[in-house]
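Visitor: If you read the protein sequences in the order shown, they are chains A and B.
In case it helps, the working numbering puts the first sequence at residues 1 to 222.
In case it helps, the working numbering puts the second sequence at residues 1 to 202.
There is no bait here: all hints are sound.
The calculated lysine to aspartate or glutamate pairs, modelled on EDC-like cross-linking and capped at a C-alpha distance of 20 angstroms, are:
1) Lys24(A) - Asp35(A)
2) Lys57(A) - Asp45(B)
3) Lys69(A) - Asp45(B)
4) Lys57(A) - Glu134(B)
5) Lys163(B) - Glu10(A)
6) Lys69(A) - Asp14(B)
7) Lys57(A) - Asp27(B)
8) Lys57(A) - Glu40(B)
Residues from chain B that face chain A, not an exhaustive set, calculated with beta carbons under 8 angstroms:
9) Asn31
10) Ala44
11) Val144
12) Tyr154
13) Arg176
14) Leu177
Just so you know, the hints here were simulated from the structure itself, not pulled from any lab data.
Quick reminder that beta carbons are idealized off the backbone N, C-alpha and C, glycines included.
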Amino acid sequence: MTTTSFRDVEQLSASLDGQLSQAKKTRLEARIRSDPALTAALADLRQARAILRRTPKHRLPRNFTLTPKMAGIRPPVPRSVPALGWASGVAMLLFFFTLGTNLLGRISFGAAAPMNAAAPMTNEGYGLGGGPAATQSPATDNTQVTPTAEAFVMTAPETPPPGEMRLVEPATNAATKSTPKLVNIWPYIWLGLAAVLIAAALLIRRASVQAFRRKVGIKRNT
Amino acid sequence: MDKPALIRDAQHGDLDAFNTLVLAYQDIVYNTALRILGDEDLAADASQEAFISAFRALNSYRGGSFRAWLLRTVTNACYDELRRKQRRPTTPLEPEAGDGYEVETPRWLADPNASPEEQLDQAELEHAIQHCLENLPIYFRTVVVLADIQGLDYSEVAAAVKKPLGTIKSRLARARLRLRECLQSFRELLPAAFRLEEERGL
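The shape of chain A in the complex, shown without the other chains:
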């Protein structure tokens, strides 16, 4: 009787699984017949393998199928959505551009305009020259044209000293004459267009997501 080396155990284990070549298998079988230690080792390995093969299988706690979210699948984006997104971005830029130029134009042309609007108030407040009827009417027109003018009306009396108000008087007429030129509806057009484009992009995107969900849901049920 000889002691079993690990090399022998390895060969015995492989022979159990039919992984030995015919020549090796024949040699090993001859040795097993003559060596009780090898016979015992083979029995041990066989028994260990047999009992492992009897290991019961467990029932699954749940199914492991993937949802689109788990798989990282996103609904396809319709081609029109990025286009509408870009268009709305451009419209917003144009909106800010026209709004900016409008404001700059207003400030540069008629630094007087606010003064003009402020004049009636100062006239009333300080009791300085000029008839209210002559100055009030252009100011009223001005506030009807643009809401921004109103802001200047409200702030102007606080900054200029009362004494300067008289000097502003002549400019009042020039400012009121140029008022129609300041009417600029383009910012509002661009803003409206941007809003419409964004809304359209969102609606199309939502419709495509819903269509994708319906499609996935139908396919998963079948």
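Using the hints, position chain B against chain A.
Guide: Structure of chain B alone, referenced to chain A:
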């Protein structure tokens, strides 16, 4: 079921085709994870993780045994779970020997006073097997689970653990020897047929 066609469709992003494959393989994947990890919740997490990883890496599958490829994914997921578990260790259920070290032998599980008939319960046998499996080093455990419990052949095991055939043969032989030694301490729990065979062998 035309598995190659399903794999092809899944590689093109067809989730339904992949889910059909999941239904076909989820049993072996979950049971492999359960035997490697020894915990049902961890095994479920590892299985789900493995299927998600498999779907994302499906284009790396280049033919061969799909089962082995999938089992490689789940064994990797199990290794990740074990690493996480090591980083957040839990209190062991095994008793301590008095010197602060755990009793490594599984003999404490076997009750010598109880009759063998009372212990011939499937759950206890399974517990014994699982205990012995968990005493094995992880790479031996993986090989023995794949080859002896799941019934994969050597080439599939080699593909699943990405090791040469010689390594598989060696690890399997060592694992079987160690398991045999461990299971001897649960002799009372072993099925009668196994004990008779054991008596004949010895």
